[in-house]
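Enquirer: In case you want the letters, here they are:
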Amino acid sequence: MKTLKCLLIVVAAAFGMTSPIQAADVKVIANSSVKADSISADELKGVFLATKTSLSDGSHVEPVLEKGGATHEAFLKAYLGKTDAALNTYYRSLVFTGKASMPKTLGSDAEMGAYVAKTKGAIGYVSAGASPAGVKTLEMK
Amino acid sequence: MHRLNITAKIWLSVGVFVLGYVLSTGLSQIQGQQARTSMQATSEALFPAAQRSQEAESAFQRMLKGFGDAVIMQDTSGLDRAAVDGQQAVAALKAIAAIPGLAAERSGEVAKLASSVDRILADARSTYGAVLSGTMSASAQDQMRALASRNDEAKAALATAKEHLAADLHQQLSVMEESSSRQSSLDLGLFAITLVVAGVIVHLTIRRSITGPVVRVIGGVQDAADETALAAEQMAQSGTRVSDNAQEQVACIVETSASLEEISATTRQNADRAGQADRVMQVAHQTVERAVHAMNDLAASMDLISKSSNQVASVLKNIDEIAFHTNILALNAAVEAALAGDAGAGFSVVADEVRSLAKRSAVAARNSSDIIERTVCDVSKGVELVGNAQAAFQKVAAEIASGTQIVSQIASSSVEQSRGIAVIGQAIKRIESLTQRNVSNSQQTADGASAMISQIGNTRKYLDELVAVVGLQSA
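If you're matching them up, the sequences are chains U and G in order.
Per the numbering used here: the first sequence = residues 3 to 143.
Per the numbering used here: the second sequence = residues 13 to 487.
Hints may contain errors.
DSS-like cross-link-like pairs, simulated, lysine-lysine; straight-line CA separation at most 25 Å [stated by the list, open to error]:
| # | chain 1 | residue 1 | chain 2 | residue 2 |
| --- | --- | --- | --- | --- |
| 1 | U | LYS101 | G | LYS167 |
| 2 | G | LYS77 | U | LYS84 |
| 3 | U | LYS101 | U | LYS138 |
| 4 | U | LYS138 | U | LYS120 |
| 5 | U | LYS101 | G | LYS77 |
Calculated directly from the structure, the hints in this document are not laboratory data.
Could you put the whole structure together from the sequences, leaning on the hints where they help?
Expert: Below, the structure written as structure tokens:
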């Protein structure tokens, strides 16, 4: 069963390489309460894997994920290096051990934009083309 | 202690050693019994408790992992397997709490833990069951977080309990080890003390009762051997000298024997000559006796002559008196003649003649008297001489008699001497044979002394070996 899963992941990665989703397809957005204007890839990974709850400037952050879709897949692949299933398992283990709660998940870029705009410290992502109102876009360092 | 002999002292040392060994063994047995009791308690209570606590912990961890896997992999059947593990953990904890030999504090702690784990198991079953059957709501997440905290607490409590039990076991084992070590040290100490005491007694016994006397004996025997060697050497020299002297003595005795035979012969001749002299002296004695008789007769004759001469002298004296009276008468006649005048002239001549005759008679009588006196004198001298000669002859006779007696005694003495010399000769022969034996004896003595010297050499070698055995440096 595990072998089959691994195989599937490898096959998916192979297909991914044939049609690469670039980091430029996704942009990271944050609530306006977040002081920083840019974020490093490591910081971003730490925030979304619940190993960091605040940025280097001291502002509290909360990761927000989309439920699925190309943008979600592109974000996971570009910044977290995990599949959605692996991330789900990862978060369930954190919840089981009491180290974190399951992250907030939203259905679309619009919901994501609205939630990030109203939630203090929220960090999310939308497709590069979207431009939700009331959020700030964090540049990647 | 001093009254005991060597065997008793050695047995005493061995006895002390054996007593120490028996004491040590007895003590070891008692301590061993205590250790066995402690070991039994450990093996029946602490060891299974520690083992069970480990089982409980691993079962609990398996339970946690099982629940975690079930939740993460969303595998409902995993919950049942995890529950089985949880029940195993609870059962193990309950078993620990039920162990009779365990401390009440520890039993209480484990029993509390068992009920806590039991409650966690029930809550986990329901919480994780709900999570797996439905969505992971925020309340479910809170419950899971609370459960996770309880899990951690229970895990920590289990680890603590396990550590406590392990610590108890370890402490008990340490106590036992310490006790064993102490016992071992005590045994070793007792044994060492026993060994030292026995060793000291043996050492003192050997030194005082064996080595000391042996050393003294060796010293004494060495001194005695030295003295004996010296004496034997002197004896050998003395024996040799005695032998040489005895040989010289034999030669002297042989010479003496020869001289003695000569003396014997001479003595026999002397005896014979003394016999002859005796006989001659007897004859001389008879001759002298006869001479003495003759001298006696001569003395008697001389006495008679002396008496006759005295008688002649008295006659002459009478003649002289007569001549005196005649002279007086002549004087008277002359006076008368003178008074007669011429008538008396003739008469006065006659008176003168008579007077001259009287004078002549008186002179002749005096001359005769002188002659007679001289004769008497001579005769008395002759008598005296005869008396002297007689006395001399008597003395000679007496001396001859005594000489005869002496010669006779000489003769008998010579005979006895001859006999004595013969006896001396026999004695000298015996002395010669004895001296010969002395020669051989003194040679044997010298040989014996030489043998003694070689034996003393052997004795010294044995003494050196003994000295080496006793472990002393050879003096």
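Enquirer: For a quick check of understanding: which of the numbered hints are violated here, in increasing order?
Expert: 3
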